[in-house]
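For reference, the chains in residue letters:
Number of protein chains: 4
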Amino acid sequence: MREFHGVFPYLVSPIGADGHVLEAELRRLIDHLVAAGVHGLTPLGSTGEFAYLDWTQRRRIVEIVVEQTAGRVPVVAGVAATTVAEATRQAREFAAIGADGILAILEAYFPIHDDGVIAYFSAIADATELPVVLYTNPNFQRSDLSLPAIDTLSRHPRIGYIKDASTNTGRLLSILNRTDGRMKIFAASAHIPATVMLIGGAGWMAGPACAIPRESVRLYELCRAQKWDAALALQRSLWRVNELFAAHSLAACIKGALQQQGFKVGAPLPPQAPLSPEGHHAVARALALAAEAYAAAPSAA
Amino acid sequence: MREFHGVFPYLVSPIGADGHVLEAELRRLIDHLVAAGVHGLTPLGSTGEFAYLDWTQRRRIVEIVVEQTAGRVPVVAGVAATTVAEATRQAREFAAIGADGILAILEAYFPIHDDGVIAYFSAIADATELPVVLYTNPNFQRSDLSLPAIDTLSRHPRIGYIKDASTNTGRLLSILNRTDGRMKIFAASAHIPATVMLIGGAGWMAGPACAIPRESVRLYELCRAQKWDAALALQRSLWRVNELFAAHSLAACIKGALQQQGFKVGAPLPPQAPLSPEGHHAVARALALAAEAYAAAPSAA
Amino acid sequence: MREFHGVFPYLVSPIGADGHVLEAELRRLIDHLVAAGVHGLTPLGSTGEFAYLDWTQRRRIVEIVVEQTAGRVPVVAGVAATTVAEATRQAREFAAIGADGILAILEAYFPIHDDGVIAYFSAIADATELPVVLYTNPNFQRSDLSLPAIDTLSRHPRIGYIKDASTNTGRLLSILNRTDGRMKIFAASAHIPATVMLIGGAGWMAGPACAIPRESVRLYELCRAQKWDAALALQRSLWRVNELFAAHSLAACIKGALQQQGFKVGAPLPPQAPLSPEGHHAVARALALAAEAYAAAPSAA
Amino acid sequence: MREFHGVFPYLVSPIGADGHVLEAELRRLIDHLVAAGVHGLTPLGSTGEFAYLDWTQRRRIVEIVVEQTAGRVPVVAGVAATTVAEATRQAREFAAIGADGILAILEAYFPIHDDGVIAYFSAIADATELPVVLYTNPNFQRSDLSLPAIDTLSRHPRIGYIKDASTNTGRLLSILNRTDGRMKIFAASAHIPATVMLIGGAGWMAGPACAIPRESVRLYELCRAQKWDAALALQRSLWRVNELFAAHSLAACIKGALQQQGFKVGAPLPPQAPLSPEGHHAVARALALAAEAYAAAPSAA
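Chains as they are written, first to last, in my numbering: chain D, 1 to 301; chain U, 1 to 301; chain B, 1 to 301; chain C, 1 to 301.
It is worth saying that the hints were derived from the structure and are not from the lab.
Incorrect hints may have been included.
[Stated by the list, open to error] Per the computed footprint, the stretches of chain B lying under chain U, defined by three or more beta-carbons under 8 Å from a beta-carbon of chain U, are:
1) 171-181
2) 198-207
3) 237-245
[To be verified] For the chain C half of the interface with chain D, some residues (derived, Cβ under 10 Å), not all of them:
4) Thr169
5) Leu172
6) Arg240
Here the structure is a predicted model, which is why all the values come from computation and not from measurement.
Every residue, glycine too, gets a C-beta built ideally from N, C-alpha and C.
Bound conformation, chain D alone (with noise of 0.2 Å):
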């Protein structure tokens, strides 16, 4: 089984006007993450606007995203229903498909107890052959892991990685000491990833390095080299497009930061507004202070 590491940018899904996936523009920005050093890919994450997207929007863009990749990092795509039926299902297809492993997303409506959540997640994992994923969201989502669903859930032999994105970094130790080397923890865009690397995290997954991705990786590979200092100071400049990123709606910002760059990955899926013009200037600015910073920066070698 593979094993996940590093920095894992949160796919946009760029949706057409009409619905169809543009196919082309996201095969150009595969190869632009992967060339820029990214450790792997995660389709239909939060920023990827999972919940927007009907199934065969879903379906393709997974399919695009593991023939482009091409192995050369693995791809994490997302599974996300209410009932174990369908998340099954999608399960099934992604490793049909070729993904390398699950991102597995709870949408519950009615409040749950952990004895479904558990039931959930465990189904997932029994679904494939693939390494899991957990992932929580409480801000978006309504349903939370609580530690002891964790603790069961990371005695499953395909359940090795969690995605935690609360802005509660002591519950990641939390996660860590109580799981005792059986679980792995990916910081969010919510939690600072230099603190998460400090206390023992595996990487990061998250929208904001699908626009700053080099500058992601070389605060991972200073991070991984113990070099703090540089690390520190590459990363209060990048902390300022979190800060953005949280400011603005996900996937508007990210698209927003994108178009930027010359990729035209569309607008959020309507009724959700695109960047704002003052948006697209904070963006701008927030960009360029990243550069900057990541010029600054030394090597990890």
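Given chain D, work out where chains U, B and C should sit, using these hints.
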């Protein structure tokens, strides 16, 4: 355009273990409810587990309800999506099937501004000739309808109703005051129906009415006849049913209550839990109390 | 033991820039309210800024209110503390001053379990011979009264009332059902008074009644006489006053309204902001609308 | 003006059943903490139950702490009020007693805008010559400090520190970025101290340091020496203490831990519950684990 008023039970969605709609039982339930005197039927509300069904299941349920109801009472079908494109597609299909109205639900993932909310609901109302009931449930949904947005939407010629599932009854009077006759109100199970009737409500759309239809109809008639003492005597007992449904999961509760009444509607879709033994016991007591209060209630004539 | 029912205005606390109670103006306000027919007076509620006053100010206000009211209507004084020791001390002092009842408020800082909540309120009820009104306001306080805690407390011989400032009117009916005659309910400004009267409420304790006393008394009388059509016609207009008070800061709003009526009650204590010019304008319109509706309302006789 | 950095334990407030400060035990605790190497002392923080003490108790505690500390380390005393008048009065009294700094806490009851927040904290800073530490705890308080408000306040010559008790570590980096050197950060027990040191923190002010002072000081020294591997090894064990303190009530937990260490500091003030037997057991295990990790930790030299 048909006018809606009175008691509209939210229909449960009977689904077998293989994912197929339990058609015969659904038809029997519809006949039972119509015979009990309900004023309309609402498939695919929260109680109907819309968030847990795929499109094939949703479509088949509306087909069966429209066909079996055969015009005896209006059918208001639930449209629920995150995107304008998907919502309008659903609305057009339900209109083609023969629904009498649309219950419009916005399933946001990212936070959304009033502009987007208004665009979403307006697009649904523009998509067909059917009257539209706005649905807002701040407990389970990630968006809410502000008073200014409701005011704007009430000026659309086909948006004349709102069903508000907050627990805030004062908000209903604020909506009535603000929309000045352009908007009729349906109560949800979280409001006391008799109090909503007192302030000028048109009726209620609620899961409990699926389990206590004749009791609900009698309560409605007593309120309409302004026999408030008799209405309140009945209301006090029926409220215990609503309390129960709030304490347990809605769909599990109503499906459990119907099973007790001999309807084989199955369990909620996994990973939702079915009604617990304790829940079944509490439901049985509440149904008995409701029947008793019904027996003691005078007719409204 | 004196029974409480009807309209109990929450008195504002008129405090000068030097921190002294504006005694003359407070006495004039009391006479004005009693002349308008209110059924009781409640100093040191939320609107009375209890949380912003020191003990010297609180004690002086209760002394003035008891003395000036001179038994014409009951005075229910607000006790608010974080500890049992301080709460019982306050209760005993207010009893010695001559208050007719205690409005009991729990100011938790850390979360507290039901055992602690019950201990706190029971100690207040044990401290004096006065009847106790429980007060719960989940919007501003860090504790809430659960139904089981209310049930337990309702069995204390001196705890016979509850004033619930949630917006959840259904909760009031649940309390009435659960306590089975042992507990009377007072509505807050967040509930529609007429609907609370319909379900069996005893009246309301609220800030707005300080600014529209005669209108509030008329509404109460119409509800008591079961003239629901006339009550609702008046209620619809008065509700706009309640909406306004929810939109602005309570104390600022009522102090502003009273200033418009010629009572020099001062501003809320800093750093609270006084009513803005826009707020004053909106209050003026709402008061005019209330006066108009009052003029059009029939008498209850 | 004295500069603050390092480990500042929040002192518990030892109060007897009769309400008097347990003076001898408090003096013994102070000597114990100073001997363990803490860099400062903070009476009347959350852990110190400021919200449960009257002014006589608060004042006496600060007198004892200042007298007993006798300048060995700085004493930063907690000022907490709802009004500007009361807060500035407290600050002036603490300055007169001889405190070295003010920990400024805003106890809002009604929601408050940034203008009022800024006015409140500025008034405290204007009231004396002492340096001011802003305190914000969104979990227990009804106000929060926005980034723009923090930015404005950081320009006051005597406001140079902030202690943030949210769990959101990213917010600390945002504050550091935004205030550009004008504001130093102290972590709370809800943040992982080592990660806050990594991003440039000045230390931490926290309840747990009252129970594990020498362990906390060692962790601080290892972070300062940038011995991150050793720091993290210690941090992982100490974090279990912080987890515990979050799970139980803060004051009960620290008072319970100190009782286990032989300090007769009494129970939290009623109606707060004392530490349960299970809590005592968990605290004992966490303290043992901390001692073990301390024994294994290298010196920072």
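Results of checking the hints against the structure:
1. 171-181: Since three or more residues must qualify, the claim that chain U covers the region 171-181 of chain B holds, with 5 doing so at under 8 Å.
2. 198-207: holds (count 3)
3. 237-245: holds (count 4)
4. Thr169: OK, holds: threonine 169 of chain C within 10 Å of chain D, min 4 Å.
5. Leu172: 9 Å, holds
6. Arg240: Holds, about 7 Å.
Of the numbered hints given earlier, the model fails none.
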